[in-house]
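Q: As a plain string of letters, each chain reads:
Number of protein chains: 2
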Amino acid sequence: MTMNFPTEGHIRAAHERISPFINYTPVLTSATIDRMFRASIFFKCENFQKVGAFKARGATNAVRSLDQDSINKGVATHSSGNHAQALAWAAALAGANAYIVMPSNSSPVKVAAVKGYGGRITFCEPTLSSRETTLLKVIEETGAVEIHPYNDTRIIAGQATSALELIEEIQSLDIIIVPVGGGGLLSGTALSAFYFAPGTKVIAAEPAQADDAYRSFVSGTFVPSVNPRTIADGLRTSLGSLTFPVIQKHVSDIVTVSEKSIVKAMKFIWERMKIIVETSSAVPLAAIMENKINIEGKRVGLILSGGNVDLNNLPW
Amino acid sequence: MTMNFPTEGHIRAAHERISPFINYTPVLTSATIDRMFRASIFFKCENFQKVGAFKARGATNAVRSLDQDSINKGVATHSSGNHAQALAWAAALAGANAYIVMPSNSSPVKVAAVKGYGGRITFCEPTLSSRETTLLKVIEETGAVEIHPYNDTRIIAGQATSALELIEEIQSLDIIIVPVGGGGLLSGTALSAFYFAPGTKVIAAEPAQADDAYRSFVSGTFVPSVNPRTIADGLRTSLGSLTFPVIQKHVSDIVTVSEKSIVKAMKFIWERMKIIVETSSAVPLAAIMENKINIEGKRVGLILSGGNVDLNNLPW
Numbered sequence: 000m001t002m003n004f005p006t007e008g009h010i011r012a013a014h015e016r017i018s019p020f021i022n023y024t025p026v027l028t029s030a031t032i033d034r035m036f037r038a039s040i041f042f043k044c045e046n047f048q049k050v051g052a053f054k055a056r057g058a059t060n061a062v063r064s065l066d067q068d069s070i071n072k073g074v075a076t077h078s079s080g081n082h083a084q085a086l087a088w089a090a091a092l093a094g095a096n097a098y099i100v101m102p103s104n105s106s107p108v109k110v111a112a113v114k115g116y117g118g119r120i121t122f123c124e125p126t127l128s129s130r131e132t133t134l135l136k137v138i139e140e141t142g143a144v145e146i147h148p149y150n151d152t153r154i155i156a157g158q159a160t161s162a163l164e165l166i167e168e169i170q171s172l173d174i175i176i177v178p179v180g181g182g183g184l185l186s187g188t189a190l191s192a193f194y195f196a197p198g199t200k201v202i203a204a205e206p207a208q209a210d211d212a213y214r215s216f217v218s219g220t221f222v223p224s225v226n227p228r229t230i231a232d233g234l235r236t237s238l239g240s241l242t243f244p245v246i247q248k249h250v251s252d253i254v255t256v257s258e259k260s261i262v263k264a265m266k267f268i269w270e271r272m273k274i275i276v277e278t279s280s281a282v283p284l285a286a287i288m289e290n291k292i293n294i295e296g297k298r299v300g301l302i303l304s305g306g307n308v309d310l311n312n313l314p315w
Numbered sequence: 000m001t002m003n004f005p006t007e008g009h010i011r012a013a014h015e016r017i018s019p020f021i022n023y024t025p026v027l028t029s030a031t032i033d034r035m036f037r038a039s040i041f042f043k044c045e046n047f048q049k050v051g052a053f054k055a056r057g058a059t060n061a062v063r064s065l066d067q068d069s070i071n072k073g074v075a076t077h078s079s080g081n082h083a084q085a086l087a088w089a090a091a092l093a094g095a096n097a098y099i100v101m102p103s104n105s106s107p108v109k110v111a112a113v114k115g116y117g118g119r120i121t122f123c124e125p126t127l128s129s130r131e132t133t134l135l136k137v138i139e140e141t142g143a144v145e146i147h148p149y150n151d152t153r154i155i156a157g158q159a160t161s162a163l164e165l166i167e168e169i170q171s172l173d174i175i176i177v178p179v180g181g182g183g184l185l186s187g188t189a190l191s192a193f194y195f196a197p198g199t200k201v202i203a204a205e206p207a208q209a210d211d212a213y214r215s216f217v218s219g220t221f222v223p224s225v226n227p228r229t230i231a232d233g234l235r236t237s238l239g240s241l242t243f244p245v246i247q248k249h250v251s252d253i254v255t256v257s258e259k260s261i262v263k264a265m266k267f268i269w270e271r272m273k274i275i276v277e278t279s280s281a282v283p284l285a286a287i288m289e290n291k292i293n294i295e296g297k298r299v300g301l302i303l304s305g306g307n308v309d310l311n312n313l314p315w
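These protein sequence lines are chains A and B, in that order. Heads up: the first sequence at position 310 corresponds to 309 in numbering that gives the first Met the number 0, and the numbers run straight through without jumps. Heads up: the second sequence at position 42 corresponds to 41 in numbering that gives the first Met the number 0, and the numbers run straight through without jumps.
If you're looking for bench data, these hints aren't it; they were derived computationally from the structure. Hints are supplied without guarantee of correctness; some may be wrong.
If several chains are the same, the list does not tell them apart, and a pair holds so long as it fits within one copy or across any two.
[Claimed, not checked] Computed cross-link-like contacts, DSS-like style, restricted to lysine-lysine with a CA-CA straight-line distance of at most 30 angstroms:
#, residue 1, residue 2
1, Lys109, Lys266
2, Lys263, Lys109
3, Lys109, Lys259
4, Lys259, Lys114
The shape of chain A in the complex, shown without the other chains:
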C-alpha cells in the first residue's frame, strides 16, 4: 500500500508553495574532504535554511496548505527542538498564531528562539504524556490545527524538497545520506530519490544510542525509541506510522554510529568547511568516517540538516 505516500506531484507542489518563503540552500564541496574519503561529496546546507534547519520546509508547506479558517485559528505542536521554531516562524509569516507546548526543561536558547518568532508557549512537564495532554488542552481551548513534526504527509512532502533541490542541482548521485530521527527528512528524501533520481540510493545514519529506526528497519516491525541517550538531540524520536512504511519501501540501508564519532565528525565539519552544523547533522559524515558506508569513487549527496547550536555549550 503506497496510497498514503506523498506523490511526485505533492513534492513538486510543496516546492512551489514554499519557494517564496524558504532559502534555496547552497551545496558545498571540499577538495580536502573528497581527497580524504576518495569520493565526491556534495553537502546540502540546510544549516543555512530559515530558522537554521530543514524543518522550515515542512512547517511552511503544512501552514501554507491550510484554509483561511484554520489560519485564523492557528497551529499547534509540542516540540523542544527545531520544529517548534520552524512552526512558530512559518505561522507568523502566514499571519497565524502558533501554540507551542514545550517541556519545562527546554533549553533557554530554544525557548527564546520560539518566543523570538512570536510563538505562544505553554510549558508542561518533561514527559511525553504531559506533552500530549497539554497539547490536547491547548487545541481544545484554541481550535488550533495540530502540525505534527514528522508524521504528516504535508511535512514529509516539505522535507522532501531539500533532496529535490539537491537532485536537480547535482546530477548522477550514487547515494544520498541523511540522519534519521522521526523519519520526516528520511522518508521525504527517499521519495524524492525514488521519483526524481531512481538510480540514487538513500541511506540513513542514526546514533547507535538511539537506534530505534535501525532496529525497526532490520526487524520489519516498529520499535519505539526508549530512553535514547544520544547527544544528537534531533534524533531521539521514534519513527511514525507514515514515515516507517516509506522508509521500509524506499530506503536502502540504515547504519549506526557512536557518540564519539558524532562529535568528531561535527568538529571536523566546523574545522574543514568553516560552517556551523548541529550534532544531528554530523551523523551521516560520522557513518562515512566509521566506514559504515562504502563511498569510494562515488558521488554522494549528504544533507546537513541544521545549524542550531548553543555556542556556550559545545560538545568538545
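Got chain A; can you put chain B on it based on the hints?
A: Below, chain B alone, put in the same frame as chain A:
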C-alpha cells in the same frame, strides 16, 4: 607617486594566474541582518578560501610569479599566522619548498597546519628581531626568495582579487568594509574599488587596541604598531611602506572598535549566519554594530577575511 601601486592590469593578471588554484568564494546575505541594520550587506566569504583565509590569494600570486630558478630554491617568510599556512600551501602546490620562521610560542594548531601543508619550520625567539635575523639566516642557507606577508606588490595584487570578484558579482556597492592589519587586504581592496568600481568607497575597521593604521591614516605619518593587545591576532602588525601610501590615497576612512564588540560581532556571525569566522573577520561588523559607519539604506560589501579558529579556545 603611484608608480609602485599595482595596476589594473596587475590585478587582472593576478586573478587569472591564481584562479586555477584558489576558490572563487561565495557571497552570502542574511535577511535578518539586513533588517537589523537597514542595509543590504554582502559578505564575501574568504573563510571558505583555501587554507581558510584570503592569504591564499596573495601567496599563490607571489609564488606563481616566480621564475623556475626561484621555485627550485624555494620561498621563505616569518609568520605565526595565516600567511605561513598560505605560503606553505601555495609553495607545495607549485613544487617549491617553503621555509617558515615561526616564533617558539606559536599555537600548536598553527604549527601543525604549516607542517600539514609541507612547510619547513625554523623556530625562533618570539621577538621581531629574532624573527628577522632567523629569516635572514634561513635565506642565506637556502637561497630561498622572501615573500613578505603584505609589503609586496604581488601580494597586494593577489589580495585585491577578493574585492575584484565581489565587485563583479555584486553591482553598485556603496561601501566595502575590510579589516586592516598590515594593509595587504585593505590596499588591494582599495585599488580594486578604484579601478573597477570608482563609485564605491572603501572603509577599514581596526581594533582600538591596535590602532596604528588609524593613527597613521589620521596623522598622515606612519605610526608603528607597538604592543598591540587585541584578540584579533591577524591585525596586530604595522602598515608597510607599500601599503600605507595606497591606503592614504584610496581609502575613505578608518574606524576603530572595542575588543568587546569584536567578540560580540564574531559570535553574532556564527549564530546568525552559521559560518565560522575568526576574530579579525568580525572587526568590520563590529564597526557597524558600534555605529561607526553609517550604512543605512546602503549596499555594503564586507570581506570576511578568514575562518581559522582554535575550536577548543573560543573567546566567549
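Q: Determine for every hint whether it applies to the structure shown.
A: Verification of the supplied hints:
{"no.": "1", "hint": "Lys109 with Lys266", "result": "both (22 angstroms within a copy, 17 angstroms between copies)"}
{"no.": "2", "hint": "Lys263 with Lys109", "result": "both (24 angstroms within a copy, 20 angstroms between copies)"}
{"no.": "3", "hint": "Lys109 with Lys259", "result": "both (25 angstroms within a copy, 25 angstroms between copies)"}
{"no.": "4", "hint": "Lys259 with Lys114", "result": "between (33 angstroms within a copy, 27 angstroms between copies)"}
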